[in-house]
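Once you have looked at the hints, place chain B on chain A.
Listed below, chain by chain, are the residues.
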Amino acid sequence: MTVTAFLAILLLLGGVIIGVPVAVVLAIVVILLEIVRAIWSRNGLLDVQYRRTLGRDRITWGEEIPVAIEVWNRKGLPLAWLRADDVASPGTIVRERSLIVGGRGLGVLRNTWTLAPFERVIRRFHVGADRRGVYELGPVDLLVGDLFAREAAAATQPETARFLVRPRTVVATGIHRRDRWGGTDRALAGLSEDPSRFAGIREYAPGDAVRRVHPRASARLGRPVVKVFEPSRDREVLIALDVQTHAGAAWETSFDLEEVESLFVVAASIARSLADERASFGLAAAGYHGAESRFAILPPSEAPGQAERVLDLLARLSSHPSAPFERLLATISRVLRPGTTILVLTARDPARYLGHLRRLEQSGCPIVVVACGPNGDRDAAHARAAGLAARTARLDGPWRSAGRLVVGTVPAVTRAEAVAT
Amino acid sequence: MTRTDRLAAAIVDLPPFLLVIVAEAAWISVVAGLVQEFALHPPEIGIPVVALFVTFGTLSARLVGRRLGERWPAVAFGLMVVVAVVGVLASPAARAALADGIGPALAAHPGGLVAGLAVLRGFAHAELPLSESTVARLLALGTPGLALASLVGGVIAEPFRTRFLGDAMAAAIVFVGAAVLALAFTRLAAVGTDEGLDWRRNPAWLGLALFLLVAAIVAAVPLAAIAGTALSILVGVAFGPLLIIGLATGFDRTARWLILIFAVLAVVTRVLATVFGGGPTTPAAVRTLPSGPVEPSQFELLATMSLGGLLLLGATVAILILIAVWMRRARPPRDDLVDETRTIDRGDAPDPRRRWRPRARRPEPAGAVQAYVALLADLARHPPAGRGTGETPAEHAARLRRAGAPSLALDLLAADYALARDAGLTLSKAEDRRGVERWRMLRRRLADWARAQARLGSATEADRDVPAAAADAEGRRSGLRAGG
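Quick mapping for you: the protein sequence lines, in order, are chains A and B.
Under the numbering used here, think of the first position of the first sequence as 1, with each following residue one higher.
Under the numbering used here, think of the first position of the second sequence as 422, with each following residue one higher.
Just chain A, same shape as in the assembly (with noise of 0.2 Å):
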């Protein structure tokens, strides 16, 4: 029993005993409203459906997600008000609301309905977010009012909805690809030619292998001809992505957000590239995933949606490193074959990691540094002075709004004063 349902009884046999009619009727009114908020309060929340339905679990920064939250009130109760608040990871965006901060001071989405006998709502929002990273919708606290508006009972759904934002792409300027044979590891031929993908035929030169003159075709013709395939290019590629942007340990957490996430564009970016060109790439990053490991690799893949899935792992990867990037270096030269073009990409001055970096290229991985920090040309200065490949790349203007990923070399003043440095 409630405190005004106490005092609204002791007010009730004090009017009568009294002799106040006015108090009685007061008092039945008083105890009318506590009865009414006792049956709410117990029936309030039974059979109220409440469904959160994500139109798409992963989207593109920039993109947005139909939502559709449905609230059912399965019984002949009227509900005054329902309040659903669906808690909202911090940066998530709903285009028709503001997030508000609910009672756990998390920002959350909230509805607020009033809803009739057997009533159903849909309402349709559309869902984003500031950056790439894992979302979450819920769980949700409900709350609900009895017949005059009062609060009368809470209930708490802890179902999540869990949803990815893949970083930006932008058109990127094709990273120059060394010839290499294709996906073995000895030459045997003097061309660099990919023997999977037949081209044509020409004619018969002195030197040329038995094995690739054409038979029938040179039947046919009445002259020796050969096989020709298309040129190979270097077909594995791993992106290593160093996280880390500051040039102290990695255990410090102190990062420049925004130039983080240009990282992420620029690295989604290549990766977009590499998929066009159909090249068997992977990822690999000191990063914390979601997962028990401290580092996320992706191993190289030209399979159907390893784009998908190198931006899935890079919407997933958190901001800070996880580790080292030379104790990453020193983990992919474990699993990876000989031959995989290491594409670094980094913020910094690779100076720290140069060394793990010459150990790679020495067992058999060529190495690209691709410098897009601020000081990019000094950085890729730095590691052509320690005699690896280096490049620049830059976004044409800030990450959410850039149009394009210029791709460049190192100046030769700047490759002179590293040398000199």
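Quick caveat, the hints were computed from the structure, so don't treat them as lab data.
Just so it is clear, the structure is predicted and the values come from calculations on it, not from any experiment.
We treat Cβ as the ideally placed atom computed from N, Cα and C, and that holds for glycine.
Don't take each hint at face value.
As the list claims (entries may be wrong) - Just a few of them, taken from the derived set where beta-carbon distance is under 10 Å, the chain B residues facing chain A:
no., residue
1, 569
2, 575
3, 593
4, 604
5, 612
6, 619
7, 623
8, 641
9, 651
10, 764
Just chain B now, kept in the frame of chain A:
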């Protein structure tokens, strides 16, 4: 926002404002009546006049107060004093006594001073939407305040006492009805105006709230007059029924049916004896006509005076309903970007009206085969327990048993059916009797079990529209490997 939308929004804000004005006027009129009663004068300003003063206070604070800024408190105080004087002079007797000085004029209509109080209370509701805490305090303090005022007013001698109590009853009815509704609307406005809540879309809520409130007040008015007697009777007779209820809750189903049947028989016997039986006739008491004019009883007075309050409350309620009906035709506000769909969907909920409809009693099956067929017909209404297409009786029974159905009796009944239909055996009478008994038991228990299964199924059903995004699944799909 167009002019029509602004008008619609203003009309939505209007009901709680009007109701709170009426509630304020109701309790202030009781104070005015109390002051008048102690001065041994009849009350001269009622709820409508006080409501005008409250409205004046609200409008002046809204229109003038904002412009004056920091000078407003002093001006408001002056305004209050002026209105209090106007309230006093609203009485002809006070105006007549003004020639003798301010004191006699004030003594002629002291209740008029509360006009200043009404203006002061009007200042509190200058902002729209109303403050929930202000309206809640009005109800929380006004309810015991009115009771206290009635108690104090009851000590004055007649005829002022009866008049005051009648007016106070009417005002209390108006107050509690208006304040409760105003608080409900104010809460709704506070809870969800920004999140798209619009009470006009829920006429069922409005209707039920009004109905319950009016019914409670209508029931409370006569109850207030007879409450003393009723309470003494209730205490006297409560012991017996409580004892019976306590015993009855301990009985099983059969015993409760027996008691009910005996009770019905007893009532019928009593009614028959009263209608057809002749009792001893007693001479009617000799009544004497009163010599003077007949004085109405206190109950009659209370009921008469309460009627006015009920009518006023009824008028307010009618206005609310009209607003709700009219505004349902209006378009929703355009600034709400959310696409919303509303439907009335009863789903598979049972029609509540069917509960009260007497069902035709079906004949009981004569044997085990008929019992099995009848049971299948019963179970067809509960999909989890029904027999599937192409499912043999034995498979059906086994499936239910594996799923946790509460009894083995279905297997036995299905076996009886198979023996009779498939094997061509003739069942004994004892087997038929046992089959019918199993039907009786299974039709209830399996239906209950099926309903429980359906509830569990809907509660734990996965959302099929959303693909799972579990971390481990992602790990497998993307081929992530532990790196060290």
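Chain A contact restraint on residue 569/B - CB to CB distance below 10 Å | holds (8 Å)
Let me know if the C-beta of residue 575/B comes in closer than 10 Å to any C-beta of chain A, holds or violated.
-> holds (7 Å)
Hey, does the residue 623/B contact hint survive, CB to chain A under 10 Å?
-> At about 4 Å, which falls below the 10 Å cut-off, the nearest Cβ of chain A leaves the hint on residue 623/B intact, so it holds.
Per-residue hint verdict: residue 651/B, partner chain A, C-beta under 10 Å | holds (8 Å)
Let me know if the C-beta of residue 593/B comes in closer than 10 Å to any C-beta of chain A, holds or violated.
-> At about 5 Å, which falls below the 10 Å cut-off, the nearest Cβ of chain A leaves the hint on residue 593/B intact, so it holds.
May I ask you to test the interface hint for residue 604/B with respect to chain A, counting a Cβ-Cβ separation under 10 Å as satisfied?
-> At about 7 Å, which falls below the 10 Å cut-off, the nearest Cβ of chain A leaves the hint on residue 604/B intact, so it holds.
Would the stated hint for residue 619/B survive a check requiring a Cβ distance to chain A of less than 10 Å?
-> At 7 Å from the nearest chain A Cβ, residue 619/B passes the 10 Å test, so the hint holds.
Restraint outcome when residue 612/B is required to lie within 10 Å of chain A by C-beta distance = Interface hint status for residue 612/B: holds (5 Å vs cutoff 10 Å).
Do the numbers back the hint for residue 764/B, that is, is its least Cβ distance to chain A under 10 Å?
-> Holds, because the Cβ-Cβ distance from residue 764/B to chain A comes to roughly 5 Å (cut-off 10 Å).
Against chain A, is residue 641/B within 10 Å by beta-carbon distance?
-> holds (4 Å)
Checked against the numbered hints listed earlier, the structure breaks none of them; every hint is satisfied.
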